[in-house]
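J.: Fit chain B to the known structure of chain A by using the hints.
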Amino acid sequence: MKYLFIKMLALTALLVGSTYAATAQDFRPVLLYDIGGKFDKSFNEAAFRGAERFNTDTGIEFRDFEPNSETQYEQALKRFARRRADLIVAVGVGYAVAVRNVAQRYPDVKFTVIDAVIDLPNVQSVTFKENEGSFLVGMIAGMATKSGKVGFIGGMDIPLIRRFQVGYDQGVRFVRDDIEFIENYVGTTPSAWNDPIKAAEMAKSQYARGVDIIFSAAGPSGLGVINAAKDSNALAIGVDSNQNHVQPGFVLTSMLKRVDLAVEQAMQQAKNGTWAPGHVVMGLPEGGVDYALDEYNASLITDEMKQRLEEARAKIISGEIAVADVEGSNEGH
Amino acid sequence: MSAVPAKLPGAVEAVLMPFLNIMVALFVSGLVVWGLGEDPFFALSLLIEGAFGYEEAIGYTFYYATNFIFTGLAVSVAFHAGHFNIGGEGQAMLGGLGLTLAVLWLGDTAPVLSIFLAIIGAAVFGAAWAFIPAWLQAKRGSHIVITTIMFNFIASAFLAYLLVGPLQRPGGQMPESSDFPDGTGLMQFHEVLEMVGIRFEQSPLNASFLIALMAAFGVWFLLTRTRFGYEMRVAGKNAHAAAFAGVSVSRVTIIALMLSGALAGMMGLNELLGEQLRLIGNFTLGYGFVGIAVAFMGRNHPLGIVLAAVLFGVLYQGGAELAFEMPNITRDLIVVIQGLVILFAGAMPHLLRKPVALLYARMARKGAV
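If you read the sequences in order, they're chains A and B.
Following my numbering, the numbering of the first sequence begins with -15 at its first residue and continues without gaps.
Following my numbering, the numbering of the second sequence begins with 18 at its first residue and continues without gaps.
With the rest of the complex left out, here is chain A (with noise of 0.2 Å):
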């Protein structure tokens, strides 16, 4: 009786699986986030929104998987691949090695990889030029400060991230070199993104010492400097996502990194047939970095201040300003 019971549950489970299958439509895109997770306002969610626009375009569902874990990058890249997914899109550094393994036992799936560069037939590699939109936002935070103290405040402390970190300092003495400058990371490991309650402790202690904004790139952990901002009445300058909503008047500008773009393109290439294995660069000219100017924070920024970044962003393009670089910031293998 049980051994039958158990018979006709996997018949079933057969029958609605093959079902399932047969109504998959063509094109199978995937998106694979970071550590962070889909929601997370910043990175991961300017992913979320690239592919959702990609969605509303085409019509064309995608699949998405959040990582609880660093270990759970290559599982989650295999079973997909093994579905034959059509374009496996990972973003996020960590996941280099995962990818490299899979799309090497894997070679008829795409893979797009978004900060980290594999040089595969089977592999797009999209990075962006970081430091550029930093710079940027450092040029903002020099001309907005009272005190002549910015912060930054990074997440995990890896190449990647010292990348913002240079551009930013660099924008800022760009505009003022009187400036005292004071930086700190939430941690090593990858759990340094998902913990805004140190990072919150680091913006207080920032703030405390005087300064008045504090530019974070550190995923949500970015979060707990916003909030922190709020509470000392002070000002923090968002990434990735534009979070200049999360705490209106707060939030300086956010240095926009367009994650979006990168996923929404790979998508529709990938669909079209244009898509391309190899290395793609999204800096100021192509559109991949930016600040963010919206109503919430019109009133933080002059027109004076713009008129100084526009100058300032044509003169990165035309290579007139180099904005320094980190070496190794998107190597991981």
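In short, the hints are calculated from the structure, not lab data.
Treat each hint with caution, since some may be false.
Unchecked claim - Facing chain A, a subset of chain B residues (Cβ under 7 Å, in silico):
# : residue
1 : ALA177
2 : VAL181
3 : GLY188
4 : GLN190
5 : MET191
6 : PRO192
7 : ILE297
8 : PHE300
Bear in mind the structure is a predicted one, so any value in this text is a computation, not a measurement.
For glycine and all other residues, C-beta sits at the position ideal for the given N, C-alpha and C.
T.: Frame of chain A, contents of chain B only:
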């Protein structure tokens, strides 16, 4: 009501009761799934399909089960000696470090030798990590629960330090080591089957599953067939009586906990030497804690632990597939389902005992007539 027999026959106790408990847990999980607006029967079929539906799924199920056999045995060995080792997580991390050092040290020159050294290294490092709390418990009376849980944090911080420092992969940004040299992994299950001419889909199931089964047998042998195992069980039941009978309780405590640490440490064989082929920070993923549930569900018997480990393997693998297939069911809900199984089958095993005993008594009476 007074006629309820205190003891049920062995088969009812060992097979029927756990089965009923799991059914109750699944029923409650089904209600939760139903409450989320999904079809619970479809969800269950996805779970079973995901765990056993195809060769690779079976491989994954037993791959997870291997972790749980190691950590479950670890908890159980300590428990037989009367101690609650909840440091399996930290001991597994150190075990992973031990095997990584062995492989990175000798992997290039003598791959086969390095694998054997890695197996020993995993056990020795795990045991060494358990030794300190064990010694503190035996000689100083520091409570093992407190010390082992503290040692988990120390192990995790230590591993993070090594993986962003001396052991980090050159040029890498994540806390992970270099790849193990070629040829230093444990044999994959499908490779073994291929040698005897059977084709099996590629999966992470590897030789450490056999090591786990051997460990389970070894634990059974130690507990029931050796003098030391007897001393352990006596010390676990009543330390004063054991001391009175001439057993050195502190010696038994230290050795039992080190054995426990060694078993937990060997979990890394499956995760690192079997599949990831590099040391990753945080690779233990809470398996050390799940080992507690596995040990109690398996009633601290090695065979029971193997079965409970397979059940948890099903929940992990089937649950992950379920989360992939049904977007409404998030990774958190899978944890809820696992928690319900632990609750009903591990923590409240006697929930259905009385009704079953009554029913059994009635049937037995009828049978007698």
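J.: For each hint, tell me whether it holds in the structure or not.
T.: Now the hints, each set against the structure:
With its C-beta approaching chain A no nearer than about 5 Å, ALA177(B) sits inside the 7 Å limit, and its interface hint holds. Here the hint on VAL181(B) is kept, as its CB sits about 4 Å from the closest CB of chain A, short of 7 Å. Checking GLY188(B) against chain A: minimum C-beta separation of about 5 Å stays under 7 Å; hint holds. For the restraint placing GLN190(B) at the interface with chain A, the shortest Cβ-Cβ distance is roughly 4 Å, inside the 7 Å limit, so the hint holds.
The beta carbon of MET191(B) is positioned within 7 Å of a beta carbon in chain A (closest approach about 5 Å), and the interface hint is therefore held. Residue-level restraint check for PRO192(B) holds (minimum Cβ-Cβ distance to chain A is 5 Å; threshold 7 Å). Interface restraint check: ILE297(B) against chain A, minimum CB-CB distance 6 Å, threshold 7 Å, status holds. Taken as an interface hint, PHE300(B) checks out: its beta carbon lies about 5 Å from the nearest beta carbon of chain A, inside 7 Å.
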